[in-house]
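Q: For the sequence shown, numbering that gives the first Met the number 0 puts the final residue at 563, and the numbers step up evenly by one.
Hints in this document: simulated from the structure, not taken from any laboratory.
Taking lysine-lysine and the PhoX-like style, the derived pairs with C-alpha atoms no more than 20 Å apart in a straight line are:
1) K62 <-> K11
2) K202 <-> K339
3) K351 <-> K339
4) K122 <-> K146
5) K259 <-> K339
6) K226 <-> K322
7) K314 <-> K226
8) K123 <-> K62
9) K105 <-> K115
10) K226 <-> K330
11) K314 <-> K146
12) K325 <-> K314
13) K62 <-> K315
14) K202 <-> K259
15) K11 <-> K132
16) K122 <-> K62
17) K226 <-> K341
18) K351 <-> K259
19) K315 <-> K146
20) K132 <-> K8
21) K11 <-> K35
22) K346 <-> K202
23) K146 <-> K123
24) K325 <-> K315
25) K330 <-> K341
26) K226 <-> K339
27) K315 <-> K226
28) K202 <-> K341
29) K259 <-> K346
Now the in silico label distances, taken between C-beta atoms and shown as ranges:
30) R44 <-> P247: 43 to 53 Å
31) D139 <-> G23: 23 to 33 Å
32) V24 <-> K325: 58 to 68 Å
33) K35 <-> P247: 50 to 60 Å
34) R390 <-> E336: 32 to 42 Å
Using N, Cα and C, we set each Cβ at its ideal position, and we do this for glycine too.
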Amino acid sequence: MNGIEIIAKSIKSIGIEHIFGIVGVPITPIAYELQKIGMEFYGFRNEQSASYATSVVGYLSGKPGLCMTVSGPGMVHALPGLLNAQSNCWPMILMSSTVSTLERGKGGFQESDQMKQADPLCKKCYHVPSVDKFPAILVDAYLQSIKGRPGPVYIEIPSEIIQNKTLVYDNVNMPIGTPSVPYEPTDHISISGLVGYLLSESKRPVIIGGKGAAMSRAENELREFVKTTGIPFLPSPMGKGLVPDDDPSVVSAARSMTLKNADIVLVLGARLNWMFNYGNSPTFAENVQFLVVDVDVSEFRSTKNVTLLVQSDIKKFLVEANKLVKENLIKFRNGGELLKWKEDLQKEMLVKGKQLEDQMKQPQVSDSDYLGYHQVYGVLRDYLFTANNCRDYVFVNEGANTMDIGRLCIPQFEARTRLDAGTLGTMGIGVGYALAASIVHRNPQRRVICVQGDSAFGFSGMEMELAVRYQLPIVFVVINNNGVYEGLEEKPSVSNANTLPPTSLSIDCRYDKMMESFGGTGYFISTLSSLTDICKQISSQSTQSPTLLNIKIKPSSIKPKIIH
0 MNGIEIIAKS
10 IKSIGIEHIF
20 GIVGVPITPI
30 AYELQKIGME
40 FYGFRNEQSA
50 SYATSVVGYL
60 SGKPGLCMTV
70 SGPGMVHALP
80 GLLNAQSNCW
90 PMILMSSTVS
100 TLERGKGGFQ
110 ESDQMKQADP
120 LCKKCYHVPS
130 VDKFPAILVD
140 AYLQSIKGRP
150 GPVYIEIPSE
160 IIQNKTLVYD
170 NVNMPIGTPS
180 VPYEPTDHIS
190 ISGLVGYLLS
200 ESKRPVIIGG
210 KGAAMSRAEN
220 ELREFVKTTG
230 IPFLPSPMGK
240 GLVPDDDPSV
250 VSAARSMTLK
260 NADIVLVLGA
270 RLNWMFNYGN
280 SPTFAENVQF
290 LVVDVDVSEF
300 RSTKNVTLLV
310 QSDIKKFLVE
320 ANKLVKENLI
330 KFRNGGELLK
340 WKEDLQKEML
350 VKGKQLEDQM
360 KQPQVSDSDY
370 LGYHQVYGVL
380 RDYLFTANNC
390 RDYVFVNEGA
400 NTMDIGRLCI
410 PQFEARTRLD
420 AGTLGTMGIG
430 VGYALAASIV
440 HRNPQRRVIC
450 VQGDSAFGFS
460 GMEMELAVRY
470 QLPIVFVVIN
480 NNGVYEGLEE
490 KPSVSNANTL
500 PPTSLSIDCR
510 YDKMMESFGG
520 TGYFISTLSS
530 LTDICKQISS
540 QSTQSPTLLN
550 IKIKPSSIKP
560 KIIH
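Between the sequences and the hints, there should be enough to build the whole structure, so can you do that?
A: The structure is reproduced here in structure tokens:
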């Protein structure tokens, strides 16, 4: 085998399934060789989107995806994906070419200190000294990315290793099968102590479930634990769907009241970061107690009010916790107060739920009236997302108001079905995430719907061309208010950088025409009636091509009221 064959066959042997990137000298032959041996390579338009898509593959599939780039600028363009994977704790492999060994330090073509650039963002970085070492390096990189707290790794390959097609290697130890993390025994004593404390000491408990629980594939065990104990459940934004949003235990509609009044909070695979005000008041009560379960509890040791820490895979923890509760080894002591707590939360949810529903059902009096976010989401929910009783759709959501309001308006019923800006608040992930979801699930009947603000769409809009090229039936929705946060209603008489608001974009950009130019279907929409008709049409048809809905809303300076 030559170097290219060893690289490609190692990637296939280890079980990597999803490969994204942009070809160029010298990595193009690797992509062709991967296809030759039966693997898929998805060519993107920009390494940034390719890396974002690769980062979410690990979350969706449980296995790291592979992003391939050329050296120098190509590799640097993919660094955002490494940062995104690191922040969200997702496994990912970035593999790039680098300048040849003989040219290193001499100003070679696209030479850059790639190891130094990747190191702060990765669990481990690897330089391949010779191609016969590549299989072992790839195995170790794969394991590093998935063990403990998952994260990204980086591999660089000198160009001469890839380009040398004449040198033949014999007796190379090729990987056999997908490597697995060594078994770690369950800490029965710590788990028993935490569950016992939760059930005996709490009067107003709540369980917060985050991406870590979803990454652990713990949704079935979590649903059992919530049902058996009766403890209210509150998901993080991307934890939505761990327990279905229509389950009576889910208290998202009363989020503020729940957090402020809970006395003990069980944190499962979520982090007490900016999303939860670092666990501080006034979001939480001053004397709240946190019981934390995570694959790596080191970052919680300095968090205020953490009473107990258990370092464990979330699924393993819940298997043991369910056993303790099911066998009646641990019982809830304050059942009456728990019942009162749940009744109070349900009352709050009814009030907040009605307020939100009223906003979503507000009519459009005249076709000339601007639409608002909630009105748009009301139609999308009823006639696109949940049409025909669909419950397993994937909702990619990106933007400012578009994302915050979408989280409240669109219910999730399955784990790992809400994908948004995540821990890092990353803008530019939307189209790449939608492509990754469609590719990973490989089911044309499973809806992937990407709803973005127009400014968010602008980061990666060209990547829509992939959806057409690879026949991915994604529905893209652009909520278009002509700007970042807010835009202009009319084109100004004078347009220059001294007068145009920094938040403004061009008036009524025709993103639908952009989709049509690639060969997909586009619609420009400004009325509820046309939006309803188009959503009904899309949800009733089976198609192999993508669609884009360009929905014009009010370019308002008034932030919509967000209710929870």
